[in-house]
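Engineer: Working from the sequences, and respecting the hints, build out all of it.
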Amino acid sequence: MKLRFTPIMALFGFIFLYGPIVSLVIYSFNKSKLVTVWGGWSTKWYAELFANEQIMSAAWLSLKIGVISASVATVFGTMMAMVLVRFKKVRGRGLMGGMITGPLVMPDVIIGLSLLLLFVAMQSLIGWPAGRGLTTILIAHITFNMAFVTVVVQSRLSDMDDSIEEAALDLGASPTRVFFDITLPMITPALISGWLLAFTLSLDDLVISSFVSGPGATTLPMVIFSKVRLGVSPDINALASLIVLAVSIGIIISALLMRKKPR
Amino acid sequence: MRQSKLARRFVIAVPNIWLILFFMVPFLVVLKISLAEPRIAIPPYSPLWDWVDGSIKFNINFENYAYMWEDTLYINAYLSSIKIAATSTLLTLLVGYPMAYTIARAPEPRRSILLLLVVLPFWTSFLLRVYAWIGILKTKGILNAVLLWSGIIDEPLIILQTDIAVYIGIVYTYLPFLILPLYANLVKLDDTLLEASRDLGASRISSFFRITLPLSMPGIIAGSMLVFIPVLGEYVIPALLGGPDTLMIGKVLWNEYFSNRDWPVASAVAIVMLIIMLIPIMILRRAQTKGAEI
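Chain order of the listed sequences is H and A. Everything in the first sequence is counted per my numbering, starting at 2 for the first residue and increasing by one. Everything in the second sequence is counted per my numbering, starting at 2 for the first residue and increasing by one.
Just so you know, these hints were derived from the structure itself, not from any lab. Beta carbons: idealized from backbone N, C-alpha and C, even for Gly. Possibly wrong hints are sitting among the right ones.
[Said to hold, decoys possible] One side of the interface only, derived from the structure: several residues of chain H facing chain A at Cβ under 8 Å:
1. Gly95
2. Gly134
3. Met147
4. Ala241
5. Leu243
[Said to hold, decoys possible] Only pairs whose alpha carbons sit at most 20 Å apart, straight line, appear in this in silico EDC-like list of lysine to aspartate or glutamate:
6. Lys141/A to Glu156/A
7. Lys6/A to Asp236/H
8. Lys34/H to Asp163/H
9. Lys6/A to Glu167/H
10. Lys189/A to Asp160/H
11. Lys45/H to Glu166/H
12. Lys6/A to Glu166/H
13. Lys6/A to Asp171/H
14. Lys89/H to Asp160/H
15. Lys141/A to Asp236/H
16. Lys189/A to Glu109/A
17. Lys89/H to Glu167/H
18. Lys89/H to Glu166/H
19. Lys34/H to Glu49/H
20. Lys90/H to Asp163/H
21. Lys34/H to Glu167/H
22. Lys33/A to Glu196/A
23. Lys90/H to Asp182/H
Structural biologist: The structure is reproduced here in structure tokens:
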């Protein structure tokens, strides 16, 4: 048996992907603050994490922004996907496609700076948004999130057989009714994954939030960034482990749900 | 029927107005401010036009661009960003291609699991995954501890705060962006072509270079551009893993805004960055439409 080259490379690739995450989880239980010294098992960093009010209030703010921006982005993104896939006679599809790919590839520093400058110009022109904070972060997150939701829903819609929708239309159902009774139930899985993707991206964004945020609105990534810039801090390891735990539970649940209901 | 026409207009209008207002218009604002003069006021730039005695007077100045041209910092930062983005794209391709290939050739239940394993890390925080490398790469970190203990090296390697750490961080975080389009392409590869070439006496390696590689070109290009374009403007990875010498334009723009408070120059930096990105974005869109045809 010849030793196969590519699977071994792939194995190293997977170790490369997971090694750092595993190291974070292990060292979150390390009593010692130093990475090279194993001081024994301890959960003290978790206690310290929950006692840290700055981290807790930032986490709460980030969760709020994540839920609101993901929900609004799911509505807007679904509308955009419907326009791009189902509205055949709409003009300006090229431009719309460009506006959707734009936020996906554009570097965060550019999106952040341009939105900030827009907000400042709007404030001096019409007085809204007054100052920067929660509102401006929400607007920014909805904007980049809706592009991701559009792509997810768009691919589901174009894979979907539209003959049922057409049949309902022929039988006299109004387009609005067809959407809510037929299309929406069929694209629900895509809406859920789009929402989750948007929520994750919102929870993770550092650069754009830093540009458009103001005093008093500090999100979780902003706190993490200012802490880890100075080096390793074990309570952040504990936070990372909790996130890994939450994501793993989410994945297991969705895997079980999918196994139950094979399409 | 009238009601549904109204609903239709509403569905078209809402997302498009939102995107025009919060994605397209901001670029015009950036362009406008890049042509303004910095000044100490709120907002800290001069107006582009003024009403003087009932007529409009424009104050357009290209000094911000001239300044960028004269100060070698900016040109060096652009060149260095392009170099880092190109090198790390190549490295990501070297790591990602065997992975995408193995996943695409795996039998079905295993294939979905492997694909899921590639996407999974993406769901945990990007910032925290970059941070994990600090503990691994620093002088008294995990990697040096392992290498010293096993006797491979006698003195700790200095990796953190160098360009090498930045490369590792980029390859690590952008790997899924390359693997997914490449996988989507490789999974459609017709097995009979490879069988035919093997029957005709081609070696495994020669079949790979003459059949698989050329056919996977659209996937390679799309995946590479999805890495190359965002890396050009990357800020977090060079800020956390790179050293003071790591020169990237995203970091320059950040400092121009947050440290120097020079909004017009930050805008000019952004505009030039956008112009540089137009070519790779066009390549990406072409690869995507081509990939859809196959």
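Engineer: With reference to the structure, classify each hint as holding or not holding.
Structural biologist: Verification of the supplied hints:
The beta carbon of Gly95/H comes no nearer than 10 Å to any beta carbon in chain A, farther than 8 Å, and the hint placing it at the interface is violated. For the restraint placing Gly134/H at the interface with chain A, the shortest Cβ-Cβ distance is roughly 17 Å, beyond the 8 Å limit, so the hint is violated. With a cut of 8 Å, the hint placing Met147/H at the interface with chain A holds, because the nearest CB-to-CB distance is about 7 Å. For Ala241/H, the interface hint holds, since its Cβ comes within 8 Å of a Cβ in chain A; the closest pair sits about 4 Å apart.
For Leu243/H, the suggested interface contact is broken, since its CB lies about 10 Å from the closest CB of chain A, more than 8 Å. For the suggested pair Lys141/A and Glu156/A, the alpha carbons sit about 11 Å apart, so the restraint of at most 20 Å is met. At most 20 Å may separate the alpha-carbon atoms for a hinted pair to count; Lys6/A and Asp236/H exceed this at roughly 55 Å. With a C-alpha separation of about 58 Å, the suggested pairing of Lys34/H with Asp163/H is violated against the 20 Å cut-off.
Pair hint Lys6/A plus Glu167/H holds up; C-alpha atoms about 17 Å apart against a cutoff of 20 Å. With a CA separation close to 16 Å, the supplied pair Lys189/A and Asp160/H stays within the 20 Å bound. Restraint check for Lys45/H and Glu166/H: the C-alpha separation of about 57 Å exceeds 20 Å, so the hint is violated. For the suggested pair Lys6/A and Glu166/H, the alpha carbons sit about 17 Å apart, so the restraint of at most 20 Å is met.
With a C-alpha separation of about 17 Å, the suggested pair Lys6/A and Asp171/H falls inside the 20 Å cut-off, and the hint holds. In summary, the hint linking Lys89/H to Asp160/H is supported, as the alpha carbons are separated by about 16 Å, within the 20 Å threshold. Distance hint between Lys141/A and Asp236/H is fulfilled; the C-alpha atoms sit about 19 Å from each other, no more than 20 Å. Distance hint between Lys189/A and Glu109/A is fulfilled; the C-alpha atoms sit about 14 Å from each other, no more than 20 Å.
For the suggested pair Lys89/H and Glu167/H, the alpha carbons sit about 13 Å apart, so the restraint of at most 20 Å is met. The suggested pairing of Lys89/H with Glu166/H holds, with an alpha-carbon distance near 14 Å, which does not exceed 20 Å. Only pairs whose Cα atoms come within 20 Å are accepted, and Lys34/H paired with Glu49/H is accepted, the gap being roughly 13 Å. Restraint check for Lys90/H and Asp163/H: the C-alpha separation of about 16 Å stays at or below 20 Å, so the hint holds.
At most 20 Å may separate the alpha-carbon atoms for a hinted pair to count; Lys34/H and Glu167/H exceed this at roughly 64 Å. Taking the CA atoms of Lys33/A and Glu196/A, the gap is near 59 Å; set against the 20 Å cutoff, the hint is violated. For the given pair, Lys90/H sits about 23 Å from Asp182/H by alpha-carbon distance, which is inconsistent with the 20 Å threshold.
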